[in-house]
Amino acid sequence: MLNHLRYLASFFFPLCVFWFLYTGPHDSIAALAWTLPLWGLVFIDWLGPKIKIEQNNSIVSSGFYDAILYALALLQFLIIALLLIYASQLQWGTVIEISRSVVNLIVLRIMVGTSSGSSAIIVAHELIHRPQVFMRILGRLLLMTVCYEHFVIAHIRGHHYSVASTKDIATARLGEKFNDYWKRVTVGHFKYAWNSELQRLGLQNTAFYHYKMLGNSVLQGILIEVLMVSLICIVFGWAAMFIFLYQALSAVRLLETINYYQHWGLERGREQDTLAWVNQSVVSEYALVGLSNHIAHHQNAATPFYETPHSEQGPKMPYGYFVTNLWVKLNNVSFCQTSNEILQKYKKIPDYL
Numbered sequence: 011m012l013n014h015l016r017y018l019a020s021f022f023f024p025l026c027v028f029w030f031l032y033t034g035p036h037d038s039i040a041a042l043a044w045t046l047p048l049w050g051l052v053f054i055d056w057l058g059p060k061i062k063i064e065q066n067n068s069i070v071s072s073g074f075y076d077a078i079l080y081a082l083a084l085l086q087f088l089i090i091a092l093l094l095i096y097a098s099q100l101q102w103g104t105v106i107e108i109s110r111s112v113v114n115l116i117v118l119r120i121m122v123g124t125s126s127g128s129s130a131i132i133v134a135h136e137l138i139h140r141p142q143v144f145m146r147i148l149g150r151l152l153l154m155t156v157c158y159e160h161f162v163i164a165h166i167r168g169h170h171y172s173v174a175s176t177k178d179i180a181t182a183r184l185g186e187k188f189n190d191y192w193k194r195v196t197v198g199h200f201k202y203a204w205n206s207e208l209q210r211l212g213l214q215n216t217a218f219y220h221y222k223m224l225g226n227s228v229l230q231g232i233l234i235e236v237l238m239v240s241l242i243c244i245v246f247g248w249a250a251m252f253i254f255l256y257q258a259l260s261a262v263r264l265l266e267t268i269n270y271y272q273h274w275g276l277e278r279g280r281e282q283d284t285l286a287w288v289n290q291s292v293v294s295e296y297a298l299v300g301l302s303n304h305i306a307h308h309q310n311a312a313t314p315f316y317e318t319p320h321s322e323q324g325p326k327m328p329y330g331y332f333v334t335n336l337w338v339k340l341n342n343v344s345f346c347q348t349s350n351e352i353l354q355k356y357k358k359i360p361d362y363l
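Following the working numbering, the numbering of the sequence shown begins with 11 at its first residue and continues without gaps.
Some hints here could point you the wrong way.
As the list claims (entries may be wrong) - Computed cross-link-like contacts, DSS-like style, restricted to lysine-lysine with a CA-CA straight-line distance of at most 30 Å:
#, residue 1, residue 2
1, K60, K187
2, K60, K339
3, K187, K222
4, K62, K339
5, K357, K326
6, K222, K60
7, K187, K201
8, K326, K193
9, K60, K355
10, K222, K177
11, K339, K201
12, K201, K222
13, K177, K357
14, K339, K177
15, K193, K357
16, K339, K355
17, K357, K60
18, K201, K177
19, K357, K62
20, K177, K62
21, K326, K187
22, K177, K187
23, K193, K177
24, K62, K355
25, K326, K60
26, K339, K187
27, K339, K193
28, K339, K326
29, K326, K177
30, K187, K355
31, K357, K187
32, K357, K339
Calculated from the structure, these hints are not laboratory results.
Build out the structure end to end from the sequences listed, making use of the hints.
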């Protein structure tokens with residue numbers, strides 16, 4: 011009956027990050043200790059319960075769920091502001107101060123980068139699919155906090171039309187390693203978004219300085235992001251600019267890690283009506299505001315996260331999203347081998363290894 015309250019779990023880690031920033035800067039030991047909530051979340055995701063498919067008979071206003079999105083969006087903007095203030099207060103005069111500041115920068119990257127990738131981008135992903143213009147604008151603004159605004163076009167116009175096919179940039183190939191995927195997809199997403207905007211505006215063979223180019227949303231995003239980074243450097247200093255860009259890179263890598271394992275090896279998935287991997291982790295479901303219901307999301311992207319059902323129509327991931335993120339990064343070979351074995355049983359494909 012109170013299943014809707016489980017989505018409040020999505021506030022746990024962003025609030026930890028907010029409080030870490032608000033009470034900082036910290037000494038080295040205290041800063042490292044603040045990463046414990048993240049490792050605890052990974053541990054619970056590893057050993058936590060699996061999703062039980064049950065009918066939700068509770069009547070909850072959509073405003074409750076939208077309020078969660080708005081609150082998480084506001085929290086992201088506050089986190090970025092506090093991040094810049096925090097970094098501007100770090101000291102670099104003595105060896106002790108330098109070592110303490112370096113540790114703090116590392117922890118800032120871990121905490122804010124993870125929060126931006128596992129909260130802000132996921133909220134943005136939900137908002138850019140909504141029909142309301144102000145929601146889509148808010149989603150774009152959130153993506154600008156990680157300098158990845160062009161993802162809107164690459165995701166909606168590209169990924170959702172060709173998911174689980176050989177044409178899709180974001181569908182990892184069978185046997186593809188993450189580093190290869192990362193290089194391919196980051197360049198591919200930008201090129202696709204840019205060319206898509208040129209095609210929309212009829213500017214394929216037109217000079218860059220044509221006045222219509224101002225309507226290019228990818229160019230608009232780049233200009234805003236460059237201006238934002240420049241202002242950060244001027245107002246808050248080089249350390250703040252560095253950690254802002256570093257957390258953005260970390261967040262985008264987290265996003266693309268998720269894209270990597272959500273569709274790994276399913277480039278022929280449409281033929282077997284298999285659009286994504288099934289994830290059964292309760293922690294992933296509620297802490298990531300329904301992102302793990304990815305199969306049904308691709309079946310109907312316009313459905314809001316709280317109405318998107320869980321689907322078992324696909325190969326099953328052995329772990330939740332938080333654990334799989336680390337698995338891909340720390341032992342990509344093991345991930346590929348295990349995933350290939352699961353796919354062999356599910357799709358009866360030949361062993362590529």
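Verification of the hints:
no., hint, in the structure
1, K60 / K187, "28 Å, holds"
2, K60 / K339, "24 Å, holds"
3, K187 / K222, "40 Å, violated"
4, K62 / K339, "29 Å, holds"
5, K357 / K326, "12 Å, holds"
6, K222 / K60, "51 Å, violated"
7, K187 / K201, "21 Å, holds"
8, K326 / K193, "26 Å, holds"
9, K60 / K355, "21 Å, holds"
10, K222 / K177, "29 Å, holds"
11, K339 / K201, "25 Å, holds"
12, K201 / K222, "19 Å, holds"
13, K177 / K357, "20 Å, holds"
14, K339 / K177, "25 Å, holds"
15, K193 / K357, "28 Å, holds"
16, K339 / K355, "25 Å, holds"
17, K357 / K60, "23 Å, holds"
18, K201 / K177, "14 Å, holds"
19, K357 / K62, "24 Å, holds"
20, K177 / K62, "34 Å, violated"
21, K326 / K187, "19 Å, holds"
22, K177 / K187, "18 Å, holds"
23, K193 / K177, "17 Å, holds"
24, K62 / K355, "23 Å, holds"
25, K326 / K60, "12 Å, holds"
26, K339 / K187, "10 Å, holds"
27, K339 / K193, "14 Å, holds"
28, K339 / K326, "20 Å, holds"
29, K326 / K177, "23 Å, holds"
30, K187 / K355, "21 Å, holds"
31, K357 / K187, "20 Å, holds"
32, K357 / K339, "26 Å, holds"
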